[in-house]
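There are 2 protein chains.
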Amino acid sequence: MADDGTVADLGEFGLIAAVVARFPATPDVLLGPGDDAAVVAAPDGRVVASTDLLVEGRHFRRDWSTAHDVGRKAAAQNLADLVAMGARPTALLVGLGAPPDLPSDWATGLADGLAEECALVGATVVGGDVVRSDTVVVSVTALGDLGGRAPVTRSGARAGDVLAVAGRLGWAAAGLAVLGRGFRSPRVLADAHRVPAPPYAAGRAAQEAGATAMIDVSDGLVQDAGHLAAASGVVVALDSSALVVDGPVAEAAAAFNVDPLVWVLTGGEDHALLAAFPADAALPEPFVPVGEVREGDPVVLVDGAPYAGAGGHDHFRA
Amino acid sequence: MADDGTVADLGEFGLIAAVVARFPATPDVLLGPGDDAAVVAAPDGRVVASTDLLVEGRHFRRDWSTAHDVGRKAAAQNLADLVAMGARPTALLVGLGAPPDLPSDWATGLADGLAEECALVGATVVGGDVVRSDTVVVSVTALGDLGGRAPVTRSGARAGDVLAVAGRLGWAAAGLAVLGRGFRSPRVLADAHRVPAPPYAAGRAAQEAGATAMIDVSDGLVQDAGHLAAASGVVVALDSSALVVDGPVAEAAAAFNVDPLVWVLTGGEDHALLAAFPADAALPEPFVPVGEVREGDPVVLVDGAPYAGAGGHDHFRA
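In order, the protein sequences belong to chains S and G. To get our numbering, take the position in the first sequence, counting from 1, and add 66. To get our numbering, take the position in the second sequence, counting from 1, and add 66.
Please note that the accuracy of each hint is not assured.
[Unchecked claim] Take a look, some chain S residues computed to stay more than 10 Å from chain G by CB distance: (1) Arg124; (2) Ala263; (3) Ala345.
[Said to hold, decoys possible] Residues on chain G that point at chain S, a partial pick, calculated with CB under 7 Å: (4) Gly77; (5) Leu96; (6) Asp102; (7) Val114; (8) Ala115; (9) Asp118; (10) Asp129; (11) Leu148; (12) Ala150; (13) Leu242; (14) Leu245; (15) Val311.
[Stated by the list, open to error] Computed beta-carbon distance windows for the label pairs: (16) G:Arg247 <-> S:Asp363: 55 to 63 Å; (17) G:Gly77 <-> S:Pro166: 33 to 41 Å; (18) S:Gly248 <-> G:Gly77: 26 to 34 Å; (19) G:Gly77 <-> S:Ser307: 50 to 58 Å.
For the record, the hints were derived by calculation from the structure and aren't laboratory data. All values derive from a computational prediction rather than experimental measurement. Every residue gets a Cβ at the ideal spot worked out from N, C-alpha and C, and that includes glycine.
Take these sequences, add in the hints, and give me the full structure.
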């Protein structure tokens, strides 16, 4: 819908109607938007659920990202959480807080982005809420199904396991650096900040390959490896020479005279998967080994020593 | 935890730990907070889900409501949505956007309120997210189970059905009027604005009694009856003489020289249940008949005429 108006022009119920029209039904949707609650298939007899809140100015900027980008990112970070459990995402519920002067095209663009990202995994949006707020706020809850398999938690890593990563590291951090210095290119890095590319198929593949533990890398590899180490009660030993520094990341780091490994080790928002596998497991595509699990008090070692660089992200201290 | 500090003092992970400690496990919690996602029982093979966003200054004021009140209200309005489908609520996921200077006691008070309201229906909080934002934002998603029964939607009302209401009408609106004029009493009305009292057991009772349609009255009786009329393709005819004007509502209306029926017909946030029943159904406690369903183009009639008063709440136009 091309529209010059604002969400106030559309009104709450006009906005809901315009947005809901973007979300296709899927076989998992037993009752879609429009009632007091949705009904979604949970064939496994269990439902996997995760929620995130995105706030304008903290998690996205409207001058850096289109509404479509924000929709894709909001969906992606929640879908990645489910995939990191080995689950198949089925449905999203979305809350939108919007100022009355928000262009209605922004709201419908957000919905298009949510729908497009969901379609990558066969999910859709089944419900939501729209309210007035001074800045744009997007809440997303993702639901998924385990298909009869055990969830892959953070707590199952054992000494001797191989650690492996699927997906990008450092791309979103490099993109943020690019945008933060007023550049729009390299486009691939700016885009990586705007819309992550989680390795959706890798979660299920890791589970089938016998992964003992898995985590979505949202806050930075070292920080999220620390969560896995703490939950499993193990030492996570990363080998920096095994970490892939992709070309665009290396080039931006050279241009900005920074160590690309800092972005790879501490950059968040790429939504790679970090998983532990038994030493004799065949690593599924696209996982690459990056270290090993050892016995000992929980800590993350990089090349044998506690990492001295930036420790990741704390939402209240950053 | 008595604490003089702020959420910034606690830090993101300290805050999460303090909050999570408030949420008991229940038999429905297969994997609780602390992993990428929670796993909740869905014994029915379906999950019922609804989400809401509450924004400081719009849905609550920190000078009118305690954190505990806000937690109870945030939980209640989502639990009421599930109950209006005939579902048994099992779990909540909660997002909190907080300014760094928010007292940590406010965040833990919110958690206590959420936990207390959930306990009324045997549910609990299984996951969440905390982020930084300029004003306080609370997102809540509720999950529930239908126990093998069909959901009671808004769309099943048929001509000849009896309309009935369970729960309070006009109390929260009267409370808002009291607080808005600077009064703190009558306490029962101010409290009704701060914390609704949805008739939780009535949803299941209505379903078992054969309710053909049901809706949570969150935006006002006339407006929500209009949603039911539109979804069912029927006329909803309300009889104002059948609507109970409770004593405190009547007294406040007299004191403020307003018609109490305006609060009863248009006041939101009480989370009563409006349901349609076959004419020969025995109405379960505490439902009282308030009108009937007729054939015709969807409209809400009050005493035979379209209601001319305030039409309810539009978040962007209010």
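Now for the hints, and whether the structure bears them out:
no.: 1; hint: Arg124; result: violated, 6 Å
no.: 2; hint: Ala263; result: holds, 18 Å
no.: 3; hint: Ala345; result: holds, 24 Å
no.: 4; hint: Gly77; result: holds, 5 Å
no.: 5; hint: Leu96; result: holds, 6 Å
no.: 6; hint: Asp102; result: holds, 4 Å
no.: 7; hint: Val114; result: holds, 5 Å
no.: 8; hint: Ala115; result: holds, 5 Å
no.: 9; hint: Asp118; result: holds, 5 Å
no.: 10; hint: Asp129; result: violated, 18 Å
no.: 11; hint: Leu148; result: holds, 6 Å
no.: 12; hint: Ala150; result: holds, 4 Å
no.: 13; hint: Leu242; result: violated, 16 Å
no.: 14; hint: Leu245; result: violated, 19 Å
no.: 15; hint: Val311; result: violated, 26 Å
no.: 16; hint: G:Arg247 <-> S:Asp363: 55 to 63 Å; result: holds, 60 Å
no.: 17; hint: G:Gly77 <-> S:Pro166: 33 to 41 Å; result: holds, 35 Å
no.: 18; hint: S:Gly248 <-> G:Gly77: 26 to 34 Å; result: holds, 31 Å
no.: 19; hint: G:Gly77 <-> S:Ser307: 50 to 58 Å; result: violated, 32 Å
Of the numbered hints given earlier, the model fails hints 1, 10, 13, 14, 15, 19; all others are met.
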